[in-house]
Amino acid sequence: MKQQLILLREENDLLNCLIGQSYNQRTKFEAEKILTEIHSKAQDRSIGKMALCYVIDKNQVLGVGGSTLLKDKKGKITSNLILDNFGLWLAKIFSTLTTSNQSFTGVNTSGANSPIHSRALTSNVFNITSGGAVGIRLIVGSGSTPPARTDFFVQTKFVIAPENALFASGFPVYNSGLGNFKNLGSIIAGGAGTINESALVDRMRTQASGIADLSLFRDIISPAVPFIAGQSIALEYTIQL
Amino acid sequence: MKQQYVLLRKENDLLNSLIGQSFNQRTKFEADNILKEIHKQADQYSMEKAICYVIDKGEIKGVGGSSLMQNKKTGEIVSDLVLNNFGILFAGVMSRFRAVDKIVSLIQKTGSPITLKAIGTATTFPQLGFGGIGNSFQVGSGSTAPARTDFDIETAFGTAPENTNMFPASDPVFNSGLGNFKMVASITAGGAGTINESIWIGRFLNTSNGTNEYAFFRDIISPAVAFIAGQTIALEYTVQL
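Chains A and B, in that order, give the protein sequences.
Everything in the first sequence is counted per our numbering, starting at 2 for the first residue and increasing by one.
Everything in the second sequence is counted per our numbering, starting at 519 for the first residue and increasing by one.
Bound-form chain A, shown alone (with noise of 0.2 Å):
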């Protein structure tokens, strides 16, 4: 079901104030804390994902943009979306007590079906490598379309690389105090552009014995976030729990 969302992007203009400022973690919690504000006024709450995207040159901040607030046409405020993907996956994690196997159909980044076992007698389950690496990787784009739980990448990828392609995340840490964990995965650009949206993705093992990309979330970044050649592009996902 595709939803129809207007973008409420200038809400998040008050993380302009963070450009021209070094690059460390006292910047990076003022982010956090602005967008979480912002985030507050969310009548509907997503899981608790947000996104905040650097551009960084000599360690000072050019650019930030994080995820943007939605209004349905009621006039309901969401915070963000998580995709389709995320929920039938989770939703079959979360499956009754059995001894039979578990699958569901993802959408995987080219818009085709993948169906993957969240649980099953056979080694092919989601979260098994002997057929390679699997796990979660982040990439962003230019596309500014309000996201749709359907949505399967990010809308319009970049041309050159190596922001035209997936990149790594460092490794998530659950932290007790907060209840959360952050993805955080940066680049160097091979060209020019400005970021609009971003996608966190998860490669996991098909029942096939194949890989599979699947877009878990996407989201429209704002202020958009322009960079040049040699800029460093950080992307950093919050799940809070």
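Mixed in with the good hints, there may be bad ones.
Computed beta-carbon distance windows for the label pairs [stated by the list, open to error]: (1) ASN114/A x LEU696/B: 16 to 24 Å; (2) ALA674/B x GLY144/A: 46 to 54 Å; (3) LEU696/B x PRO116/A: 22 to 30 Å; (4) LYS554/B x GLY231/A: 44 to 52 Å; (5) SER540/B x ALA166/A: 55 to 63 Å; (6) ALA687/B x SER111/A: 47 to 55 Å; (7) PRO116/A x THR662/B: 40 to 48 Å.
Sample of chain A residues facing chain B (criterion: CB under 8 Å; computed from the structure) [unchecked claim]: (8) LEU82; (9) ILE83; (10) ASP85; (11) GLY88; (12) LEU91; (13) VAL135; (14) GLY136; (15) TYR175; (16) GLY211.
I should point out that these hints are in silico values taken from the structure, not numbers from a laboratory.
As the structure is a prediction and not an experimental result, all values here were calculated from the model.
Idealized CB from N, CA, C, for every residue including glycine.
Given chain A's structure and the hints, the job is docking chain B onto it.
For chain B alone, kept in the frame of chain A given last:
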């Protein structure tokens, strides 16, 4: 780290308006809406909510839901807490793109730690072949505010079947429009008591190819729900994404 929370139990008293009504889709919908409205005042949301009903001959005798909590130090109101076990496992599953094992340590229901493979070359946590894998619930009478370090129900009932796992009859189905899934389990009480708490339990494979149970969510149920032998106890969890 033990967090110091005060339970805001009286906030849920509006649920008492459903006592005496028939237990059906309409009353369940109303209970959901009432609880959602109450939890809107939270400064921090979590992803799960529980609603517990006691039913006799189709009539609601009692209904309670997840209690809001207030942080003693900051005054911040939180909707409820997801336990460390879930955060640690989930952060492990959402680990960076990798071909090597990602092993996490959880606290079993018995209180002792055990390791699981969140990602691995073989026998990861959702793999079958060594016993049933999946999820169930339990209710209890303990009324201490939840802490992220909780690993079991605080006070189990003395009489079967309410003294142990409640197994949902069907798997949760992700609702893309609402962005959530629900799971419900019900039993006929063997004794009498008052329900003050509920937990969500996952049973998964450990790194030694045995299965263990882990509490993922613990909720204080308000108002407390009294039951006697022969009455139906129904517990529904909603996971909102």
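The hints, checked one at a time:
{"no.": "1", "hint": "ASN114/A x LEU696/B: 16 to 24 Å", "verdict": "holds, 23 Å"}
{"no.": "2", "hint": "ALA674/B x GLY144/A: 46 to 54 Å", "verdict": "holds, 52 Å"}
{"no.": "3", "hint": "LEU696/B x PRO116/A: 22 to 30 Å", "verdict": "holds, 24 Å"}
{"no.": "4", "hint": "LYS554/B x GLY231/A: 44 to 52 Å", "verdict": "holds, 48 Å"}
{"no.": "5", "hint": "SER540/B x ALA166/A: 55 to 63 Å", "verdict": "holds, 56 Å"}
{"no.": "6", "hint": "ALA687/B x SER111/A: 47 to 55 Å", "verdict": "violated, 37 Å"}
{"no.": "7", "hint": "PRO116/A x THR662/B: 40 to 48 Å", "verdict": "holds, 44 Å"}
{"no.": "8", "hint": "LEU82", "verdict": "holds, 7 Å"}
{"no.": "9", "hint": "ILE83", "verdict": "holds, 5 Å"}
{"no.": "10", "hint": "ASP85", "verdict": "holds, 5 Å"}
{"no.": "11", "hint": "GLY88", "verdict": "holds, 4 Å"}
{"no.": "12", "hint": "LEU91", "verdict": "holds, 7 Å"}
{"no.": "13", "hint": "VAL135", "verdict": "holds, 6 Å"}
{"no.": "14", "hint": "GLY136", "verdict": "holds, 4 Å"}
{"no.": "15", "hint": "TYR175", "verdict": "holds, 4 Å"}
{"no.": "16", "hint": "GLY211", "verdict": "violated, 15 Å"}
Hint compliance for this structure: hints 6 and 16 are broken, all remaining hints hold.
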